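Trainee: Hey, can you work out the whole structure from these sequences and the hints?
Protein chains in written order, with this note's numbering: chain A, 9 to 318; chain B, 1255 to 1643.
FYI, nobody ran anything at the bench for these hints, they're computed from the structure.
Quantities reported herein were computed from a predicted structural model and do not represent experimental measurements.
It is possible that part of the hints are untrue.
As the list claims (entries may be wrong) - In silico BS3-like cross-links for lysine-lysine, where the CA-CA straight-line distance does not exceed 25 Å:
#	chain 1	residue 1	chain 2	residue 2
1	B	K1472	A	K141
2	B	K1472	A	K140
3	A	K117	A	K140
4	B	K1415	B	K1400
5	B	K1259	A	K123
6	A	K140	B	K1547
7	B	K1472	A	K159
8	B	K1259	A	K115
9	B	K1267	A	K141
10	B	K1636	A	K61
11	B	K1582	B	K1364
12	A	K61	B	K1472
13	A	K61	B	K1259
14	A	K117	B	K1259
15	A	K115	A	K159
16	A	K140	B	K1267
17	A	K161	B	K1267
18	A	K115	B	K1472
19	A	K64	B	K1472
20	B	K1267	A	K115
21	B	K1259	A	K159
22	B	K1369	A	K140
23	B	K1259	A	K141
Claimed, not checked - If you only want the chain A side, here are some residues facing chain B, beta carbon under 10 Å, derived:
#	residue
24	D77
25	N80
26	N96
27	D105
28	Y106
29	Y111
30	I164
Glycine residues also receive a C-beta, built at the ideal position from the N, C-alpha and C atoms.
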Amino acid sequence: MIVKVRNLVKRYGNLVALDHLSLSVKEGEIFGLLGPNGSGKTTAINCILSLLKYDKGEIEIFNQPMSPDAYNIKRDIGIVMQNVAVYNELTVYGNIDYFCGLYITDKRKRRELVKEAIDFAGLGEYTHFYPKKLSSGLLRRLNIACGIAHKPKLIILDEPTVAVDPQSRNKILEGIMKLNEQGATVIYTSHYMEEVEQICSMITILDKGRAIVTGTKEQLKDMITMGEKITVETFGLSDTQLSAIKGLPNVISVDYKDNLLVIKSSKGRNNLENILDVVKKEDIRFGKIYSELPTLNDVFLEITGKELRD
Amino acid sequence: MQVFKLCMQIIRKNIPVMLIYVILTAVVTALMVSDIDKEYQKEISFTPAKRSIAFISEDNSLLIDGFREALGQIVNFVELDETQLQDALYFREVTYIVRVPAGFTEEFMKGADVKIDKSTVPNSVSNTYIDLFINQYFNTARLYIKNIDGISQELLVQYLKEDLSKTSNAEVKSTTGKKVTYPTYSNNYFNFFAYTLISVIILGMSMLMIVFNDRNLKMRNSCAPVIPGSINLQFILANLFFTFASWAILVVMSFIFNYKNSLNAYTVYFIISSFIYSFCCASISFLIGNLIKSQNAVYAVCNTIGLGSSFISGVFVPQELLSGSILKIASFTPAYWYVKANNAIAKLTQFDYRHLQPIFSDLMIVAGFGLAFFAVALAIGKRKNYIEN
Ligand SMILES: Nc1ncnc2c1ncn2[C@@H]1O[C@H](COP(=O)(O)OP(=O)(O)OP(=O)(O)O)[C@@H](O)[C@H]1O
Ligand SMILES: [Mg+2]
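Mentor: Here it is in structure tokens:
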């Protein structure tokens, strides 16, 4: 086990930020910690890294208890903080070299590693820039490069893609998968379910400091009753038309607003076909009609009764 | 040495701000130098002829006799009786009347603050020279009385005569048109140094501390396998390196501006005293850096401590002109003791232990301040590798 967290409790005064959180991260995984703002992702990461004192619980990394002075554990961890932590007084190169140098003292080896990290983050053109001159996407990439340059066994990334444009985001996600292929175990927190779905092999969904479900994305989706979501673009539906749809087999819920009819059904073979039949019979005129498989948002919605992002 | 190197880099990036203070010093120094040159020109034009003065003594003692004899080397005495005095002044027969009040010697030997009375022609520049001489004579005498318990008048006069034979050479030289060796320039420069140095160092150090106390960076650094003690040590090293680099630059600057007046024994002592003061500044800035969290606060504190302590300690205004209560407050700042030591160095006539001892004790106080601040800073600024909440 690379990381093992048992019954972690962290309180800020009266606020319970982590409520008996347990996690296990296996070697080679990209472990996703998915949760809305304020659900306790950063708090969990900070506790795992012994940056924060916690009220209760046990944390083991590489099968050894983690503590503020467990330097042999820290040596093999790479961390990319949610808040960009780079020195404005150092250039892109200087920053990566500084952080890498905290782990690797050998100068020649470090030069290689820094170069690799620069290539990895696509910062080749910007090595002599100071952070103040970088766009927020480039800054994020610098933050990542600083965290991974020393080739750690465990990489922890706390929302590394916040405020990054889709293109940069995809680059970052690809990079993380590459690091994983090269052997690093990854813990990745995000409130973007798409990202987590895209890269994570194991996912824990966090809400109000509690782990509400854990599993692969397929397992998570299997946990909920909804199996399909069908959306129809249409306007002026009458109550009889609506109730005809509601009466169909497998239909769990029907939601009609802003000229969008959203029908959620449990798993079944002919859900879309049935709906098309009603549409034809009731002479409902429509623009588009499409069917989607459930997302992690639906998982979250069904379990907590609220949207992942609001 | 990652942290040390980082510190150097941060300081390098902040050099432009610090340069403002250094340039200010340069400008003030340039003004000072040209001012001294002007005074020196005056000196040449006014001192060739010995002034005529009247010497009235209501006190009879060995000390006064010795004083009269010494004074006689730079002035001519005109014998006048009481009734002629005012006329003599009016018609410029004499420009200066010295009057030793009755009981002066007795009080003076007890260490009381008694003064020689004088009447002068208004606005006569050359009288300053006589003032200077009289002040120096009795200031030196006071030093002896303070440091040698129960010194006899005879011995005192003898010591003073020895001292004067050494310095009056220099003074006599100045009357014949050679450079003044009285270290006014260095004294002023090194006093002003107190302001520049503390400002620059507080600024530089605080810049470092702000970066280092940044919560995100602190957390990020705590993730790395570096012992907090090692970070602290590198930090202190960087602090000291920066301090003594600043000190060295300012010392070199003092030479550049006025090397002719700098190559003497006084300068050595000024350099020693400024070195000790630099150490004290480093501690102060280390402490302040541990207390301050924001960039704006840095400038405020830098100005308050830099300007404030310099004002009350006699960096800008001579200590003699400051009121006793202000000086009492100032004595809680190291700048006061540093300036006091510098002024004493400037008045030195002999560089032996007896004369240097009071200066060293002032400097010990400066060093003591430094150690105290440093200890407090260490206690407050203990780095941990986790954050509070
Ligand atoms: N230093 C603190 N003092 C008090 N409360 C805090 C502190 N830090 C976080 N919290 C609270 O703890 C809860 C969890 O915060 P945390 O930052 O871990 O959430 P998060 O999942 O990382 O959110 P985000 O997606 O916005 O980063 C929040 O309610 C937050 O307000
Ligand atoms: Mg967070």
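Trainee: Hint by hint, say whether it matches the structure.
Mentor: Status of the hints after comparison with the structure:
{"no.": "1", "hint": "B:K1472 x A:K141", "result": "22 Å, holds"}
{"no.": "2", "hint": "B:K1472 x A:K140", "result": "19 Å, holds"}
{"no.": "3", "hint": "A:K117 x A:K140", "result": "28 Å, violated"}
{"no.": "4", "hint": "B:K1415 x B:K1400", "result": "18 Å, holds"}
{"no.": "5", "hint": "B:K1259 x A:K123", "result": "20 Å, holds"}
{"no.": "6", "hint": "A:K140 x B:K1547", "result": "20 Å, holds"}
{"no.": "7", "hint": "B:K1472 x A:K159", "result": "21 Å, holds"}
{"no.": "8", "hint": "B:K1259 x A:K115", "result": "14 Å, holds"}
{"no.": "9", "hint": "B:K1267 x A:K141", "result": "15 Å, holds"}
{"no.": "10", "hint": "B:K1636 x A:K61", "result": "17 Å, holds"}
{"no.": "11", "hint": "B:K1582 x B:K1364", "result": "23 Å, holds"}
{"no.": "12", "hint": "A:K61 x B:K1472", "result": "15 Å, holds"}
{"no.": "13", "hint": "A:K61 x B:K1259", "result": "31 Å, violated"}
{"no.": "14", "hint": "A:K117 x B:K1259", "result": "18 Å, holds"}
{"no.": "15", "hint": "A:K115 x A:K159", "result": "15 Å, holds"}
{"no.": "16", "hint": "A:K140 x B:K1267", "result": "13 Å, holds"}
{"no.": "17", "hint": "A:K161 x B:K1267", "result": "35 Å, violated"}
{"no.": "18", "hint": "A:K115 x B:K1472", "result": "24 Å, holds"}
{"no.": "19", "hint": "A:K64 x B:K1472", "result": "24 Å, holds"}
{"no.": "20", "hint": "B:K1267 x A:K115", "result": "24 Å, holds"}
{"no.": "21", "hint": "B:K1259 x A:K159", "result": "23 Å, holds"}
{"no.": "22", "hint": "B:K1369 x A:K140", "result": "65 Å, violated"}
{"no.": "23", "hint": "B:K1259 x A:K141", "result": "22 Å, holds"}
{"no.": "24", "hint": "D77", "result": "7 Å, holds"}
{"no.": "25", "hint": "N80", "result": "7 Å, holds"}
{"no.": "26", "hint": "N96", "result": "8 Å, holds"}
{"no.": "27", "hint": "D105", "result": "9 Å, holds"}
{"no.": "28", "hint": "Y106", "result": "6 Å, holds"}
{"no.": "29", "hint": "Y111", "result": "6 Å, holds"}
{"no.": "30", "hint": "I164", "result": "9 Å, holds"}
Hints 3, 13, 17 and 22 from the earlier list are contradicted by this structure; the remaining hints agree with it.
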